[in-house]
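*Asks:* Starting from the structure of chain L, add chains W and F where the hints point.
Top to bottom, those sequences are chains L, W and F.
1 is the number of the first residue of the first sequence in our numbering; add one for each residue after it.
1001 is the number of the first residue of the second sequence in our numbering; add one for each residue after it.
2001 is the number of the first residue of the third sequence in our numbering; add one for each residue after it.
Just so you know, nobody snuck in bad clues.
Beta-carbon label-pair distances, calculated as ranges:
no., chain 1, residue 1, chain 2, residue 2, range
1, W, A1094, L, G56, 50 to 58 Å
2, L, Q108, F, V2081, 23 to 31 Å
3, W, R1079, L, L50, 43 to 51 Å
4, F, S2050, L, Q69, 43 to 51 Å
Treat the hints as calculated values from the structure; they're not laboratory data.
Beta carbons are placed, not taken as given, at the ideal position from N, Cα and C, and that holds for glycine.
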Amino acid sequence: MNIAIAVYGAPTSSRAPTSALRFAQAAVARGHTLARVFFYYDAVAIANALVVAPQGEPDIAAEWSAFSQAHGVELVACIAASLRRGIVDAAEAARYELRAHNLREPFQLLGLGQFVEMAASADRLITFLE
Amino acid sequence: MNRRYLVLVERPPAVGTLAREALDLLLVAGAFDLAPAVLFLGRGVHQLAASHDSAPPRPLEALATYGITRIYVDAQSLRREGLALDALAPRPIAVDGAAIARLIAESDVVLTT
Amino acid sequence: MTVLHLINRAPPADALARCLASLTAQDTVLFYESGVLACCAGALTSSARSSRVRFVALRVDVEAFGAASRLDPAVEIVDDVDFVDLVASHQPIVSWA
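Isolated chain L, as found in the complex (with noise of 0.2 Å):
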């Protein structure tokens, strides 16, 4: 089955992405495809390639890219909840004549357009909320 995942914690602030990976890994372990990941409210700070994990701790962020790299599952950020938060991309930099950009790879600033599509075609939707 086709599973819809969206994400609504920021990983400071909730174990929102923690618990979606675990699913995530679970899932595909399962036989299920997930043909997108979408980060919406404050969980969008997982886009963000600035932010250092302390030695020792856990790097959610790079757990999610390297899950993304193994699957082929497709990361997205929410464009507009990104750009109000500070994470950009090359395009959005230039559009706005920001001095840097900071998407962590491989995610993908999209729209909800894009979240509801999402939630449209696949058989489940579960969200983490934070």
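*Replies:* Only chains W and F this time, still in chain L's reference frame:
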């Protein structure tokens, strides 16, 4: 696919940008023709408390234009929050736990905002 | 299909009370993260326990919170793979805030 969607709004107004972002998700669901039902519960019922001097106009005024016409509010949350049904706009239908259970069970997808 | 309800917070968050008021027989409620503290002994009403609803708690979080010995007897502990299977066998999935 004629799936049935229910959107839950539990976020109160004016919590940084979170309240606005919750309504954005609701409106986009409408814009994409999901024709969702929406249920306001917990402190989210305050989103429906009409504010006559709001500028710009509250996003909820737009619900009908987005094809969102089935608007519900949790009766118990209304009582807890001290709000009267006729003080709410757009005018919702008040539902109890059993009706909410039915709304949920009849939905294919529940989107918590 | 039966509904899967998710609770990831403990009181004073009101999620559990709202969830319990909106259950249908055969639904499943899964507690995870700090939500495992919401299903400790005495937290589930007798009407909840006698309803034909299954209550489960995610093992990783039960262990993280040291809650294993405190869970309501009606609550079963489940693993990550069970969580996935519950998602596949229920619709819709409601995350209660």
